[in-house]
Amino acid sequence: MSGRAFTPGPVVYPVETDEGWRPERRMMLLFLIAGFCALLIGASIGPLQALNYDGVNAYPALRSIFHTYYQGLTVHGVLNGYVFTFFVTCGLLVYLPARELGQRPSMALWGACFGLMAVGALSLIYAMFDNSSSVLWTFYPPLKGSPFFYLGMTILTLGSVQPLPILLKMRAAWKRAHPGCVTPLVTYMSLVTMLMWTLAGVGALSELILQLDPWSLGLIGTIDPLINRTLFWLTGHPIVYFWLMPAYISWYGLLSRQAGGKLASDPMARMTFALLLIFSLPVGSHHQFSDPGFSQIWRAILVVLTMSVAIPSIITAFTLGLSLEYAGRMRGGLGLVGWFRALPWSDPSVAAQVLGALTFILGGATGIVNGSWELDAIVHNTTFVPGHFHVTVGSVTAMTFMGLAFWMIPHLTGRKLISRRIALFSVWTWFVGMTIFAIGMQWAGLYGVPRRAWVSALPHETYHALYGVAATPTALIAVGGVILWVATYSFFLVFFGTLLFGRRAERPAVPFAQALSGPVSHETGVAIPVATGHGASVLANRLEHVWALVGLTAVATVAAYVPILWPFLHNVTHSPGWVLW
Amino acid sequence: MTPFDEAFHASAERHERAFIVCVIVMMALLTVATMFYVVHDFGLVTTTQSFHSDPTAAEREVAAADTGRVVKTGPNSYAVHITGKAWRWTPGVIHVPEGAEVTFYVTSSDVLHGFEIQGTPVNLTAVPGVVGTVKYTFHRTGVFRIICNEYCGMVHHAMIGQVIVDARAAE
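So the sequences go chain by chain: A and B. Under our numbering, the residue at position 189 of the first sequence is numbered 189, and the numbers go up by one with no gaps. Under our numbering, the residue at position 63 of the second sequence is numbered 63, and the numbers go up by one with no gaps.
Source of the hints: derived by calculation from the structure; they are not laboratory data. You may find that some hints are simply not true.
Said to hold, decoys possible - Listed next, with one range per pair, are the computed distances between beta-carbon atoms:
hint: 1; chain 1: B; residue 1: H95; chain 2: A; residue 2: F340; range: 56 to 64 angstroms
hint: 2; chain 1: A; residue 1: L336; chain 2: B; residue 2: H95; range: 57 to 65 angstroms
hint: 3; chain 1: B; residue 1: A28; chain 2: A; residue 2: S64; range: 52 to 60 angstroms
hint: 4; chain 1: A; residue 1: P214; chain 2: B; residue 2: A28; range: 20 to 28 angstroms
hint: 5; chain 1: A; residue 1: P567; chain 2: B; residue 2: R88; range: 26 to 34 angstroms
hint: 6; chain 1: A; residue 1: P567; chain 2: B; residue 2: M26; range: 28 to 36 angstroms
hint: 7; chain 1: A; residue 1: R542; chain 2: B; residue 2: S11; range: 19 to 27 angstroms
hint: 8; chain 1: B; residue 1: V93; chain 2: A; residue 2: A112; range: 15 to 23 angstroms
hint: 9; chain 1: A; residue 1: A172; chain 2: B; residue 2: M26; range: 35 to 43 angstroms
Quick caveat, the model's predicted, so the values are computed rather than measured. Using N, Cα and C, we set each Cβ at its ideal position, and we do this for glycine too.
So that you can see chain A by itself, here it is in the shape it has in the complex (with noise of 0.2 angstroms):
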C-alpha cells in the first residue's frame, strides 16, 4: 500500500465571520508585539552565551553594549523568561477566553495589565543595560542590583496577575448566561493557570516588596539570603508552569482542531490542570537541595512532590499524542508511524507545536534527573540545568507561542503570512539547533561544566585544563547556538514581515478545537457549554469548584514551606548587600 494515501496540505481554518472584535484584537496584538520584541532582543543574545562555552569570546568587541558576559547574561534571562513570556500568555489568557465565551474582557483592567508591564519592564531593561544590575534573572542577594531593577520587577510581576479579575468576570457573567454549565475548556485552563500564577506570586513579590525594595532603597541595611532565596523559589518553580501551561492550553485547546482532528479527552485536560495548579506550588524549594539551612525530611518530602508534579505534563504527553494519532488517521494515515506523518507539516504553526512537544521528551525527562535528590548533587548548578530548561520554556513554550503568532497575525491583523517556507524554515532550525544545543549543555553538565560562568574569558590554558574534556560537547552547545540564530532571524522576517507587508486576506477564526468525547460544537467551533449532570464527566463537575482546588494548594503549599522557613527565621542572618560586576 502506498505510503502517501494521505490528505496533503494544512488544514483550513474556518473564516471569521464575527468582525466585532476590534478592541480585543488590537490590545491582543500589542501584547503579542510587545512579548515578541523582548524575545528578538533575548534570543539575539543568547548564541553569544553558547560561544562562550566553546571558548569563543565575543565579549570584548561587544564594550559598547555589554561589560561583560553576566551583563549580557542578565538581559537574556530576563527578557525571555519573565517579559516575553508574560506579555504574550496575559495576552492569550485573557483573549482566547473572551473568544470562546463570548464575553467582553474588561478592558480597563486587560490595559492596565499591559500598562504596568510595559513599565515594569522599561525600568527593568533601564537598569539590566547601565550595568547597575547585573544580577542574573534569579536576582539572589545579597549581589545588589539598583532599585529600578527591584522597582521594575515588583511592577511587572503585580501586572502579569491581572488576567485573574478580568477571568473571574467573564466567567462569572458567563455562567449567569448559562446555569449549571461546566465552563468552557479554554476558560477553564486559562482560569487555573492564572489562579496558580497569583497564588504562586506570593513568594517573589514579598520577596521584593518585604525585603529587596526597601533593601535597594536603602531603608533597611541588611538582609537574609536563604529566606530570600526560599521566597524566590516560591514562585521560581511554579514560573516554570507558568510558562509550560499556556503552552498546553494551546495543545489542548486549539493543535487538534489545527491538526486537523479533535481532543482526545476534555475532562483529562482538565483534571491535568488541577494537578498542575495543586503539585507545582508546594515543591519550589527542590531548587535548594545543595542548600545547608534545612531538615532532610523536607528535602525527601520534596523528592515525592517533584515526582507527582511530572505526573500530569506525562498525562498530557499522552492525550496530546492520542489527539494528533486521531487527526492523522482521519487525514489518511496509516500503520504505527503513518498517522504522524500524515500531520499537516506544510502547517508552520502545527510543525511548531508538534516539534515543541518532541523537545519536551528530552526536556521533561532531565526534570526528572533534576528534582531526583541524589543525581541532583551531580548536575545542580552545572550546564545541565540550563541545558534541560532550555527544552521546557526554550522549545515548548517558545515554539508554541511562535506556533501561535503564525495563525493569531493573519486572524489579529488580516494581513497573510508573507512567506510560509521561511515560518517553517524557521520552525525546523529552532528544533534542530535548541536539540543540538540541549545535548551540548546537558553533556557538557556531566563533566562539571558549571553553568553561568565567562568560561571564555579564563586564560587558554587554564580554560583547557579545567574544560577540554568536555570538548565535544562545548563544540555541540556553540554550533546549536548559531543555528539558533538563523532560526531567531528568519522568524522575525516572518513576523515583522507579515505585520508591516503582508497581503491584505480573510481573517482565520480562533481554531478551537472539539473534544472526542465532548458535545458537538457548533459551526463556528467554538467550545459547547455542557449542562452539569447531563452529558458533563462526573470530574469535570468535580473539578468546577476551583476555589476548592486554591484552598487545597493553599493548604499544601503552608504545610510544605512553614518546616522549611522555621529554621531561618530562627538563625536570621544580617548580609551587607555587594556590587560585584
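Add chain B to chain A, keeping to what the hints say.
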C-alpha cells in the same frame, strides 16, 4: 460520533487508564530509587553545622578551625574548613589522603558561592551566615578542581581551587 470515533474513543479510554497506572508506578520507583541512594550515601547530602547572624562570624569560626590545614579527626577521617570570598577559596589548595573520609565545612563571607568538586558529586551552596557540611571519600589520587558554580560577580568563572589527593605512604 462516527463508528470510527466510537472505536477510537473506547480504545483510548482503556489505554489511558493503563498509561496512568504505568506512570504512577514509574514515578514511585524513581522516588524509591533516589531515596535509596540518598540513604545509602548519606554523607553526600548537604547538612547544616551552624547558623550565624553576622556573616563575618561564620568566617571567623571557619578560619579559627585551622584554615589551610587538614585536621585529622579520627583514624581515617579528616576535616577541612573552607570559606568562599569573591573570588577565591581559602584555603585554595587542599591536600587529603587517598581513601580517607573528608568532611568539608563550607561557608561564605560575602555573597553566595557554589562549592563543586569537579568529577565528584560534592555540590554545596556556600551561604553567608551558614556553615554547611558534606562528606566525601576520594578513591583516586590526583588533582580535583573546586569550581564556584553559583554566580558571584565579575570574576566568578576564575574562582577555582584544588583538592589534591595524595597516595598513602607505603607502610
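Hints versus structure:
no.	hint	in the structure
1	B:H95 x A:F340: 56 to 64 angstroms	58 angstroms, holds
2	A:L336 x B:H95: 57 to 65 angstroms	60 angstroms, holds
3	B:A28 x A:S64: 52 to 60 angstroms	55 angstroms, holds
4	A:P214 x B:A28: 20 to 28 angstroms	45 angstroms, violated
5	A:P567 x B:R88: 26 to 34 angstroms	29 angstroms, holds
6	A:P567 x B:M26: 28 to 36 angstroms	34 angstroms, holds
7	A:R542 x B:S11: 19 to 27 angstroms	25 angstroms, holds
8	B:V93 x A:A112: 15 to 23 angstroms	58 angstroms, violated
9	A:A172 x B:M26: 35 to 43 angstroms	41 angstroms, holds
Consistency note: the structure conflicts with the earlier hints numbered 4, 8.
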